[in-house]
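Sequences and hints are given; from them, build the entire structure.
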Amino acid sequence: MIKTQKSFEQKNQGTLFLVPTPIGNLEDITFRAVNMLKAVDLIASEDTRNTQKLLNHFKVETPQTSFHEHNSKERTPQLIEKIKAGQSIAQVSDAGMPSISDPGVDLVRAAVDAGITVVPLPGPNAALTALIASGLSPQPFYFLGFLPRKKKDLTAELEELNKRKETLVFYESPHRVKQVVETMQAVYGSERKIVLAREVTKRFEEFIRGTMEEVCEWLSNENIRGEFVIIVEGNEHAETLEDKVWESWTLKEHVSFVMENESLPSKKAIKEVALLRDIPKREVYAAYHELEN
124 MIKTQKSFEQ KNQGTLFLVP TPIGNLEDIT FRAVNMLKAV DLIASEDTRN TQKLLNHFKV
184 ETPQTSFHEH NSKERTPQLI EKIKAGQSIA QVSDAGMPSI SDPGVDLVRA AVDAGITVVP
244 LPGPNAALTA LIASGLSPQP FYFLGFLPRK KKDLTAELEE LNKRKETLVF YESPHRVKQV
304 VETMQAVYGS ERKIVLAREV TKRFEEFIRG TMEEVCEWLS NENIRGEFVI IVEGNEHAET
364 LEDKVWESWT LKEHVSFVME NESLPSKKAI KEVALLRDIP KREVYAAYHE LEN
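For the sequence shown, the numbering used here gives the first residue as 124, with consecutive numbering after it.
By construction, these hints were calculated from the structure, which means they are not laboratory data. Warning: the hint list may mix true and false statements.
To be verified - Across the chosen pairs, the derived CB separations fall in these ranges:
1) 196 x 331: 37 to 43 Å
2) 243 x 343: 39 to 45 Å
3) 384 x 244: 42 to 48 Å
4) 279 x 131: 21 to 27 Å
5) 383 x 129: 55 to 61 Å
6) 185 x 332: 38 to 44 Å
7) 343 x 192: 28 to 34 Å
8) 343 x 172: 32 to 38 Å
9) 243 x 172: 31 to 37 Å
10) 279 x 196: 27 to 33 Å
The structure displayed is predicted, hence computed values, not measured ones. Glycine is no exception: its CB is placed at the ideal position from the N, C-alpha and C atoms.
Put into structure tokens, the structure is as follows:
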């Protein structure tokens, strides 16, 4: 059944406001967001200690309650009851837009199901901020957030995403970014363009732009710190690379395909095939050049 919402009609219950917070630079918060945090009855925060620093900076005295992935099942119905009773609540994440990488999505669904008005405020977002400065095509794009942690699941996810022509956008921690980009190089090839946006809007903001091979080399020589947005060029040849179609090819056929499809010399194509198949480069070299073992 269709539901309509007129966000600012007078109602006999409260409202759920989704309030973005700065992703680094505190000056990026909007006047409306600060005023909303002051006006609501309660702030549901992913990390109350982190949010309190923001509230102190802008002299906001509204009380907080914790709302995170470990207590969302218990806390969601409690917050819904408070809103039904007439309280207005602002939900905030640690940084940026709520409901993207936090349990806000569950709260929004519950509010919608309960007929509660949900009002989003515009504001900071790391993915879009990094994307527009990446130098890669900003539209269309496909945002995934955080990739799977296990190597097998990570590789499978990246192979599935290789069917897409859109620019790909991910979030990643400093502890995993090197492993993730190395796996991307194995799946997408050495020449695919990639951008790392580090510490977006913060003092040490940095953009690293290059090919997979170049960025992997940069990562191997750096003391990696800070949170990353990873932006990857889409696969313009997506229709020719069905999932693991190369499994039926000989090594020589695979190298020849990569050379032609990606306009690579044999040396780089051999390296790419070896990475993708997870076999020694010398084995691929020997097969391509038809050398005796």
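Notebook entry, point to check: Which of the stated hints cannot be reconciled with the structure, identified by number in ascending sequence?
Noted result: Violated: hints 4, 9.
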